[in-house]
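2 protein chains.
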Amino acid sequence: MKKKYTIADIATMAGVSKGTVDRVIHKRGKVSKKAHEKITKILKEIDYQPNLVARNLKKNKTYRLLVLIPDPEKDPYWAPCLEGINTASQEFQAFGVMIETFLFDPSSTRSFNARSKEVLKNKPDGVVFVPLFYKESLTFTEYCKKNSITLATFNSSINSNNARSFIGQDLHKSGRVAGGLLHMLLPGKKHLAVVHMDEIYQNAIHMQEKEKGFRDYFDGLEQKHQIITHKIPEKDIRKIRKSVRGFLETYPEVSGVFVTTSKAYLLAEALPETDTRIRLVGYDLIEKNLECLDSGHIDFLIHQNPRQQAYLGVSYLSEYFAFDKKIPDNKLLPIDIITAENYTHYLE
Amino acid sequence: MKKKYTIADIATMAGVSKGTVDRVIHKRGKVSKKAHEKITKILKEIDYQPNLVARNLKKNKTYRLLVLIPDPEKDPYWAPCLEGINTASQEFQAFGVMIETFLFDPSSTRSFNARSKEVLKNKPDGVVFVPLFYKESLTFTEYCKKNSITLATFNSSINSNNARSFIGQDLHKSGRVAGGLLHMLLPGKKHLAVVHMDEIYQNAIHMQEKEKGFRDYFDGLEQKHQIITHKIPEKDIRKIRKSVRGFLETYPEVSGVFVTTSKAYLLAEALPETDTRIRLVGYDLIEKNLECLDSGHIDFLIHQNPRQQAYLGVSYLSEYFAFDKKIPDNKLLPIDIITAENYTHYLE
DNA sequence: TTGTAGGCGTTATCAT
DNA sequence: ATGATAACGCCTACAA
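Those protein sequences? They're chains F and S, same order as listed.
Count along the first sequence from 1, add 47, and you get the number used in the numbering used here.
Count along the second sequence from 1, add 47, and you get the number used in the numbering used here.
Check the hints yourself; a few may be wrong.
Treat identical chains as interchangeable: a pair holds within one or across any two.
In silico DSS-like cross-links for lysine-lysine, where the CA-CA straight-line distance does not exceed 27 Å [said to hold, decoys possible]:
#, residue 1, residue 2
1, 372, 106
2, 372, 105
3, 51, 170
4, 106, 51
5, 65, 108
6, 91, 108
7, 51, 168
8, 372, 108
9, 237, 170
10, 108, 51
11, 91, 373
No lab work stands behind these hints, which were simulated from the structure alone.
Using the sequences provided together with the hints, build the complete structure.
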């Protein structure tokens, strides 16, 4: 059972005053060599841990933390993020961290630029954001760096050392997971397809990473598989149906499809009602996908846990401000496999 | 932007002193009706949130939190719990919560009794424990209730209102999940088996719940399935092999097996090396099961996340002590589906 | 270079 | 019934 030592304790032990101990702890200098040595020795011996509560109380600062994410009204994928942000917000407001959320239109770089300017105008202590647009995000991070605003990103990473933290998923791995699942569902079959659906905004890199992982999985097998890539940029259900019909007619042997976006339900709806069902693996627990799980039109979904991503991003920065905690550089969340039977628990 | 109100602020607003405000907040009485009304009104208006940091500093108590779990040396399933406990321990020691762990032999009620007595001798403020043995655990919780020791349980629940919190999984649901997986793997096949393996200590109820869920899933299908239940209590690999051979000979049509314990690898090892592979779904990310995932002898594992269970148990009580947070009654963790491709991320 | 004297917000005690 | 005051541990400013 360890005793809790305070600065006063240490001061007594070293025969000096609290002020001197404090100077040593914070390396403020103006301490004689003798005193310095003595105090450092004691600090090590007792493994001094400062009382974070007292430190925080003294600082008595309130921090402003802003979150900049896509608007869930434009894409329901982001809805759980708001929950995660609210949870974190409630947790940390008692510790003086004030959190506000700004939403931008994920299909418009203009919207991103406008909202990010607003964010900066607020002069926050920290920002958590989704760097959906590469170029614009880089500009943003540079500005933050200059104004010493602490940054964390989630969902997408950005190749910049201006951001302190990234929270997301290993997309290549998640493609492999999808490959493994389809392989299990279709042991004999050798014809598969990767479909990139309806992605108006720029996450082409995301989809490519997933496809690479998917192909990587099958490349590692002894038995060789033929994998077709098909892009469906349309949003209109009739056009999609036409596109799907076309590619199924060209490759009638295809028995399993991996949809690299959250729009697997669109493919499911567009499939012809034949008895030889196409096996389908997609992404994200949005309402329409869940319905397809229930009806059996989608077999597996991969969950990227946007809620947790947002929650962690906000928590990391909050703990950094409130308790001087170190911010983890990278946090890769597990690649959750979802079926009709287990999705409820992931909706929280 | 909300201002942070302090008790001093409220006192000024109400034209009274801090002491009176404090008495109202803590319902200590000895306050005139007039003052009481005025202060309560203000409290509501400004939605007063006490500064938890200051409160904690003032209390300046150190809490003792003991954890009582099975020894990972006897059953590797419990190893991740220690990690979870350590993580929580590091997080909360700065807030004055001291955590210690006691291990018992999961095959011996005597061991449990002995260790739980030790725990009680320590007069802790709170205990997090795994109620593996029903009767003994009840006695334990009653004693804790009497001595006002706050309790949280994980892994197993116990039907007692003496424990404040339970963290675990919906076992019935997890059986359903297993059913869904085997059904996907074996669309045409109609002969399956539930195998209860090598459970020396009492979690028969666990296994039954899982089996019920599994059968429940198939009962809900149009196509009727035949499901055999088989028990293998032996630990010796040769006896197991004999038992497995016996039941496969009796039911040669069985093509999928659901093992309700963490011992699926034992079944995998005992299976004859025939080409028509039996599909296998089991529980828990222990080393030997992971090897079987890699080699393809096990198809899916269900992850019960013991690490997180332990972490949450300790966190809940720590936050309760340190910050007066409410303890959630029940926390059901998601039923994670694990394949050879995604297990690494779950090992942390 | 060193020591001392407040103060952060809350709570407990003591006097009024 | 109420108000003043000290204390929790840390930090800062100022005095020595």
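Tested hints:
1. 372 / 106: Answer is both; intra-copy 15 Å and inter-copy 23 Å each pass.
2. 372 / 105: both (17 Å within a copy, 22 Å between copies)
3. 51 / 170: Close across copies (19 Å), not inside one copy (38 Å); limit 27 Å.
4. 106 / 51: Answer is both: 21 Å inside a copy and 14 Å across each meet the 27 Å cutoff.
5. 65 / 108: both (23 Å within a copy, 22 Å between copies)
6. 91 / 108: For residue 91 and residue 108, only the inter-copy Cα distance (24 Å) is at most 27 Å; the intra-copy one is 29 Å.
7. 51 / 168: between (43 Å within a copy, 22 Å between copies)
8. 372 / 108: both (16 Å within a copy, 22 Å between copies)
9. 237 / 170: neither (56 Å within a copy, 64 Å between copies)
10. 108 / 51: both (25 Å within a copy, 11 Å between copies)
11. 91 / 373: within (20 Å within a copy, 37 Å between copies)
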